[in-house]
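Residue numbers (UniProt numbering), protein chains in the order written: chain D, 1 to 417; chain C, 1 to 417.
Among the clues, some could well be false.
It does not matter which identical chain is meant; a pair holds if it fits inside one copy or across any two.
[Said to hold, decoys possible] Simulated crosslink set (DSSO-like; lysine-lysine; CA at most 27 angstroms straight-line):
#: 1; residue 1: K2; residue 2: K44
#: 2; residue 1: K109; residue 2: K163
#: 3; residue 1: K203; residue 2: K379
#: 4; residue 1: K131; residue 2: K255
#: 5; residue 1: K379; residue 2: K163
For the record, the hints were derived by calculation from the structure and aren't laboratory data.
This one's a predicted model, so the numbers in the text were calculated from it and none came from an experiment.
There are 2 protein chains.
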Amino acid sequence: MKRVYLDHAATTPVDPHVEEAMRPFWGEHFGNAGGLYEEGRRAKEALGQARIKIAKLIGARPDEIIFTSGGTESDNLAVFGVAGAALPGKKSDFFGVLKSDFEDSKASKPHIITAKFEHHAVLHPCQELEKLGFSARGGPAFGWDVTYLEVGEDGIVSPENVKRFLRPETVLVSIMYANNEIGTIQPVAEIGKIIHNHKLETKNDKLVFHTDACQAAGYLDLNVNNLGVDLMTVNGSKIYGPKGVGFLYVRRGVKISPQILGGVQEMGLRAGTEPVALNVGLASAFEIAQGEKEKESARLTVLRDYFIGGLEKKIPKAVLNGHPIKRLPNNINISIPGANGEEMVVRLDANGIACSTGSACTSESSESSHVILALGRSKKLADSSLRLTMGRSTTKGDLDYVLKVFSGIINSYGARN
Amino acid sequence: MKRVYLDHAATTPVDPHVEEAMRPFWGEHFGNAGGLYEEGRRAKEALGQARIKIAKLIGARPDEIIFTSGGTESDNLAVFGVAGAALPGKKSDFFGVLKSDFEDSKASKPHIITAKFEHHAVLHPCQELEKLGFSARGGPAFGWDVTYLEVGEDGIVSPENVKRFLRPETVLVSIMYANNEIGTIQPVAEIGKIIHNHKLETKNDKLVFHTDACQAAGYLDLNVNNLGVDLMTVNGSKIYGPKGVGFLYVRRGVKISPQILGGVQEMGLRAGTEPVALNVGLASAFEIAQGEKEKESARLTVLRDYFIGGLEKKIPKAVLNGHPIKRLPNNINISIPGANGEEMVVRLDANGIACSTGSACTSESSESSHVILALGRSKKLADSSLRLTMGRSTTKGDLDYVLKVFSGIINSYGARN
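Next up, chain D with everything else stripped away, as it sits in the complex (with noise of 0.2 angstroms):
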């Protein structure tokens, strides 16, 4: 049976010419690029090639690209290293923040700004910061305060919004540039105006903004300078380029500290050997995706309406999750009242259709999801939700027969119950 792939925000499959020009990496140049001879120069060179290609694309300097495994690293990174960053070095200071955080003052504990439906790459890392007792890496935690911020009924946070909850104690803004489970985009570069002015009204120079850009990276315009940026996460799974390799932008000035520790690697931030091939691998599928992003945005947009208005006439109970138009091209996210996502996506399966429920991340634990219920969609619905993510091999007429099937699908699925 002919599959019809409908995930790609899961993840997509590594485009030939990116296999192609990892190729030469694995057993040919194979050298390591700390190494002092010509092996060792090679791949220094073209580990160096592969950041300055991907820093042109996004108006950077090549030594604000760290390289590493992949989105959830540098979201981890990004939450992590700033906090570890804005701290005061000294002992003495220790005990002012600690002495702050038992009278529970809350206005002078440090504070991070994000929202409630972003990817748990960011939420978790937050939410560890949160704690009070002792941390994941064998310290005491002190309880960063964090403001999860509300989405609107569209999937669209308010830049409004956010500068309302930036407070003097506000070291990190993180709001992703578009959701990985509703595709709705966010007014990022908005709101790196309003960071922007309030840095410069309060003087508060160590507010850090990061944007989770790892779902828009195919579709949208990265260059850091329009959206006002200082960090900004990008991985190759989403974009035709091979899993297990990202990278984290990182501002020049903007100080973060380092989570995986061990080496001089990538600027000091991050230790490990270079994975020269899959870096590589990286800026190449990045190039393609990039020069592609608004051929492939069009063609898509318009598959992508097509899908919603034929959902339309053939299931009128679908409800469509996230703004009809800021949303990325390839994303489709519905609900379907009184039915069960697991089981479309079983059933859809069954008929050579591979779609999800929502992010594969948390695809083996039967949460709902937390994106459909931050839209303030009822347990139900978020149940019932089904997340169809288009890509470069989609045509209309995969998109014929999904609708066929999935009708048909939801029609019996009325007669049963």
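Given the coordinates of chain D, work out where chain C should sit on it, guided by the hints.
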């Protein structure tokens, strides 16, 4: 010019069989192992098979294999993970431990034993835990107590010494299986027995034994039960597998806290989309390396001793660093009094020979080798050290060539100075 690559301890080329094993998982079977559909199940199945393959080779169970991005991350996960899991979770205990810290009562602080010549991927996390003030992760740090064991002149840690420093508060002992610079093989199984007995005697069931086996994986038996280890680090980069992937063996029942947060992958101990191609590649490389270890060890031991013998004749002032026999079959590490390590590397490179002054992870920094210093050697001798590490491609002819070139360089050195 023909190149003679003698830096296999820094990294190895990917075995063609490994490249072949990875290939289907780039563009064809690219699914996210978290997906509930065919492509996802196939990825999950491949991931599971990789886990089974590795587990069998070390006498473990599949759910004891935690894939990571490499040796450095595995070591960090071992140290921070054990530290994070060892502490009481209650807020009330938090005050107790802090109080004990401020009173500087070492006896009640959690304690780690490691050795002075461990890889920085172990040492730096230990140093981070020792800090008093703030941690790199944005919380207070209360200063763990770490014992850095002396190393014998022969580069071997004494099991008796480990025993002597064990305390009721010791929660982690981390001793590498074979040193990355001098190749000396540590009595891991003996240390394992001591720890086992100590746990029985003192009922300290929190005590965990970790070994970094990255350098050993191609040459030694890695059965975790024979070794008596609870945690073991292995990576792909040193065993003809891909860079950017490794694993941490975690014995069932041993508690470690995850360090990269945001997903349920890897038994909840390491978040992020699983890089199936890399994991499959690592399993394949590990299988080949473990399968060839006896044959390859025998072959390289002969070559190693041939080279050392030749060196004694041609450069009598050369000093071998580390035990002459209790060392990896592929490792030759020498100091040449009066010479400069980096200069020798550069001059050998100009003659087609790739080798290193020590760990590639610190090659860009100008620090003296902490490993050579740990043997009790002078800074001068440390700065005149050279590491030659052989591999599958190394032949007797290569070594003859190196001996000839090297003695020429050293003799011209002598004439010049």
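Hints versus structure:
no.: 1; hint: K2 x K44; in the structure: between (43 angstroms within a copy, 21 angstroms between copies)
no.: 2; hint: K109 x K163; in the structure: within (18 angstroms within a copy, 43 angstroms between copies)
no.: 3; hint: K203 x K379; in the structure: neither (43 angstroms within a copy, 47 angstroms between copies)
no.: 4; hint: K131 x K255; in the structure: both (23 angstroms within a copy, 19 angstroms between copies)
no.: 5; hint: K379 x K163; in the structure: neither (30 angstroms within a copy, 56 angstroms between copies)
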